[in-house]
Amino acid sequence: MTLTGCGQKTSDHGAETVKIGLAAPLTGPQAQLGQDMANGAKLAIDEINVGHPQIDGKAVIFKLLSEDDQADPKTATNVAQRLVDDGVAAVIGHMNSGTTIPASRIYYQAGVAQISPSATAVKYTHQGFDTAFRVMANDAQQGTVLGDFAVQTLGARRIAVIDDRTAYGQGLADQFEQTVKSLGADVVDREYTTDHSTDFMAILTNIKAKKPDLVFFGGMDPQAGPMIRQMRQLGVAAKFLGGDGVRTPQFITLAGPDAEGAYASTPGLPITKMPKGPEFQAKFTAKYGPIQQYAPYAYDAAYVLVNAMEKAGSSDPKKFLPVLRQTDYQGVTGPIRFDARGDLTQGSITLYQVQKGAWVPLQTVQSR
Amino acid sequence: MDILAQQIFNGLVLGSIYAVVALGYTMVYGILELINFAHGEITMMGAMVAISVIGMGLAAGLPALPLILLAMLAAIAVCMCLGLAIERFAYRPLRHAPRLAPLITAIGMSILLQNIAMLIWGKQYIPFPPVFPQGEHRLLGAHVTDVQLIILATTLLLMLALTLLVQRTPLGRAMRAIAQSQPVAQLMGVNVNRVVAATFAIGSALAAVAGVLVAANYGQAHYYMGFLLGLKAFSAAVLGGIGNIAGAMLGGLLLGLIESLGAGYIGPLTHGFLGSNYQDVFAFFVLILVLVFRPSGLLGERVVERA
Chain A
1 MTLTGCGQKT
11 SDHGAETVKI
21 GLAAPLTGPQ
31 AQLGQDMANG
41 AKLAIDEINV
51 GHPQIDGKAV
61 IFKLLSEDDQ
71 ADPKTATNVA
81 QRLVDDGVAA
91 VIGHMNSGTT
101 IPASRIYYQA
111 GVAQISPSAT
121 AVKYTHQGFD
131 TAFRVMANDA
141 QQGTVLGDFA
151 VQTLGARRIA
161 VIDDRTAYGQ
171 GLADQFEQTV
181 KSLGADVVDR
191 EYTTDHSTDF
201 MAILTNIKAK
211 KPDLVFFGGM
221 DPQAGPMIRQ
231 MRQLGVAAKF
241 LGGDGVRTPQ
251 FITLAGPDAE
261 GAYASTPGLP
271 ITKMPKGPEF
281 QAKFTAKYGP
291 IQQYAPYAYD
301 AAYVLVNAME
311 KAGSSDPKKF
321 LPVLRQTDYQ
331 GVTGPIRFDA
341 RGDLTQGSIT
351 LYQVQKGAWV
361 PLQTVQSR
Chain B
369 MDILAQQIFN
379 GLVLGSIYAV
389 VALGYTMVYG
399 ILELINFAHG
409 EITMMGAMVA
419 ISVIGMGLAA
429 GLPALPLILL
439 AMLAAIAVCM
449 CLGLAIERFA
459 YRPLRHAPRL
469 APLITAIGMS
479 ILLQNIAMLI
489 WGKQYIPFPP
499 VFPQGEHRLL
509 GAHVTDVQLI
519 ILATTLLLML
529 ALTLLVQRTP
539 LGRAMRAIAQ
549 SQPVAQLMGV
559 NVNRVVAATF
569 AIGSALAAVA
579 GVLVAANYGQ
589 AHYYMGFLLG
599 LKAFSAAVLG
609 GIGNIAGAML
619 GGLLLGLIES
629 LGAGYIGPLT
639 HGFLGSNYQD
649 VFAFFVLILV
659 LVFRPSGLLG
669 ERVVERA
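Chains as they are written, first to last, in this note's numbering: chain A, 1 to 368; chain B, 369 to 675.
Note that these hints are calculated values from the structure, not bench results. All figures in this text were calculated on a predicted structure; none of them were measured in a lab. Virtual Cβ for every residue (Gly too), placed ideally from N, Cα, C. Fair warning: there could be bad hints in the mix.
In silico lysine-lysine, DSS-like type, Cα no more than 25 Å apart, as pairs [to be verified]:
| hint | chain 1 | residue 1 | chain 2 | residue 2 |
| --- | --- | --- | --- | --- |
| 1 | B | Lys-491 | A | Lys-42 |
| 2 | A | Lys-74 | B | Lys-491 |
| 3 | A | Lys-287 | B | Lys-491 |
| 4 | A | Lys-123 | B | Lys-491 |
So the derived list for chain A, only partly shown, Cβ under 7 Å to chain B, looks like this [said to hold, decoys possible]:
| hint | residue |
| --- | --- |
| 5 | Pro-29 |
| 6 | Ala-31 |
| 7 | Gln-32 |
| 8 | Thr-198 |
| 9 | Thr-205 |
| 10 | Ala-209 |
| 11 | Lys-210 |
| 12 | Pro-222 |
| 13 | Pro-226 |
| 14 | Leu-234 |
| 15 | Thr-253 |
Given these sequences and hints, build the entire structure.
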């Protein structure tokens with residue numbers, strides 16, 4: 001058990017330093033999303049430090065320790081151990097479900113609070129760890145909404161499902177498949193790829209033979225971009241639907257004109273519809289450029305953590321974890337309240353479509 | 369039937385790219401018995417340079433065809449220089465060192481090039497501007513794009529040209545001589561350093577073209593793209609018999625076809641027990657099977673260890 005909040009070295013202003021870890025892929029194919037997340041947290045911590053934060057009447061300085069997990073589960077556990085050894089009180093991260101889940105065990109064993117801004121795999125909060133939280137609707141919530149949307153709104157009857165075999169992609173695709181089946185649609189094909197592939201001609205040719213009216217992809221934009229191009233190349237006219245990994249500006253750049261008409265969802269509200277969205281966007285863009293995706297969630301995660309510490313009057317996770325669970329916070333992304341598992345009690349999920357080269361929000365749904 | 373034609377065509381396009389990249393591995397191995405792990409990264413550099421040149425050209429208002437040629441030439445020039453520099457500074461000083469040393473250097477070069485590319489072009493995926501013709505055709509029931517036809521034509525032409533070069537020119541004869549025995553070739557007046565450098569230059573030029581074609585086909589490039597492509601091409605070279613030029617071509621095409629047909633038919637063949645998630649497993653299973661029965665690859669000759 002690491003001791004935090006006492007015996008820490010103090011900065012030159014006499015303020016005590018409270019370390020908060022940040023773990024995300026800062027290099028590699030998903031670096032852009034990871035950096036976005038890191039910048040969101042950094043913005044929050046910088047703001048908080050400017051306001052001379054105090055815990056239990058003593059001045060403190062929050063220090064963000066960033067670690068690169070390379071979106072790799074093995075690296076993630078090493079990084080998690082390093083953060084724990086460095087004596088962090090809490091961790092914001094990781095980004096991918098595949099890294100968040102193995103790392104969560106290490107944080108749990110060390111008693112360090114963890115809030116993932118973006119991991120949506122159901123398993124993360126279902127391991128019985130009282131240290132694991134997230135500020136985004138999970139895959140069960142998102143997959144269900146996507147399934148409802150595919151069948152009820154888009155009227156799809158013959159559906160092909162592809163996933164990238166990551167915890168995120170597979171979890172989302174499974175939940176989607178289960179939902180559309182329960183609504184009476186046919187899953188005519190299930191295909192698989194990896195999160196490093198760029199060639200999908202073989203599996204798309206299989207899918208073409210099954211004549212689907214909708215193709216669902218559980219995965220990220222570096223795959224989804226070339227995937228929809230190759231779909232159109234092969235003459236597959238089916239609708240294309242994905243989750244939050246697809247709903248990025250990069251998907252549109254990579255898919256080019258073929259992106260037109262594609263659907264995808266994102267947990268939460270569109271940045272412009274978030275309660276404090278425009279204000280956040282202005283602050284963030286001035287400092288770091290356009291928001292990719294997870295920055296506002298990382299920003300909220302940082303505030304939720306700091307608020308819990310301030311309210312508990314301690315940066316010792318044992319003291320502030322119970323307070324964290326009682327969080328009732330109006331964040332940039334909306335109201336944040338946790339259930340007993342650490343999931344959001346009510347997550348909203350927004351569906352988007354690419355229209356004239358930009359993601360346009362269609363509707364926001366409350367998870368059922 | 370349409371589906372089979374499509375899968376075969378998919379496999380040929382994929383395989384012809386593997387084949388051209390595999391040539392670079394096999395030529396260097398044939399001469400130096402060195403696996404040049406940086407070769408995949410040379411491919412990536414070709415793609416990156418081409419994208420930058422095309423970006424600048426589009427901004428300057430150049431028409432598509434000269435722009436493609438310009439980008440190709442720039443990619444070839446940069447990759448040749450890179451190949452030459454890597455050979456001169458990373459491999460030549462270690463030519464007579466134990467074999468593990470250049471192998472480690474090769475891996476180091478690969479990582480170095482990845483990081484250089486990351487610093488120059490950033491970490492994100494870069495879209496390849498649509499300057500290539502974007503037409504689509506039907507061929508025996510398969511959907512075929514212009515870019516794919518260009519890939520097939522270019523790679524076939526390159527393979528033909530390389531075969532002629534190796535079989536019919538003095539440089540090719542010198543390359544074959546060094547492959548057989550470097551000291552004897554040297555005694556016969558072959559300038560080994562020059563021929564090795566030429567081999568790297570040619571291999572890198574092939575990689576550059578392959579890189580541009582891959583990026584154009586998938587519409588994107590990324591600093592990490594050379595790794596997996598290099599690995600597949602290296603496997604193709606081994607499958608065909610590393611060191612054997614015809615083997616690299618055969619191995620590349622076969623690997624492409626196996627991957628494509630594997631992904632297409634593994635499901636129906638196993639009644640859905642195995643899905644397309646096993647496509648790479650399937651390809652590498654075939655590779656292992658071939659190597660068990662023919663350890664030197666399909667066209668490789670069993671070479672007696674030199675004393």
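Hint-by-hint comparison with the structure:
no., hint, verdict
1, Lys-491(B) - Lys-42(A), "20 Å, holds"
2, Lys-74(A) - Lys-491(B), "21 Å, holds"
3, Lys-287(A) - Lys-491(B), "19 Å, holds"
4, Lys-123(A) - Lys-491(B), "30 Å, violated"
5, Pro-29, "6 Å, holds"
6, Ala-31, "4 Å, holds"
7, Gln-32, "5 Å, holds"
8, Thr-198, "5 Å, holds"
9, Thr-205, "5 Å, holds"
10, Ala-209, "5 Å, holds"
11, Lys-210, "10 Å, violated"
12, Pro-222, "5 Å, holds"
13, Pro-226, "5 Å, holds"
14, Leu-234, "5 Å, holds"
15, Thr-253, "5 Å, holds"
Of the hints listed earlier, those the structure fails to meet are numbers 4 and 11, in rising order.
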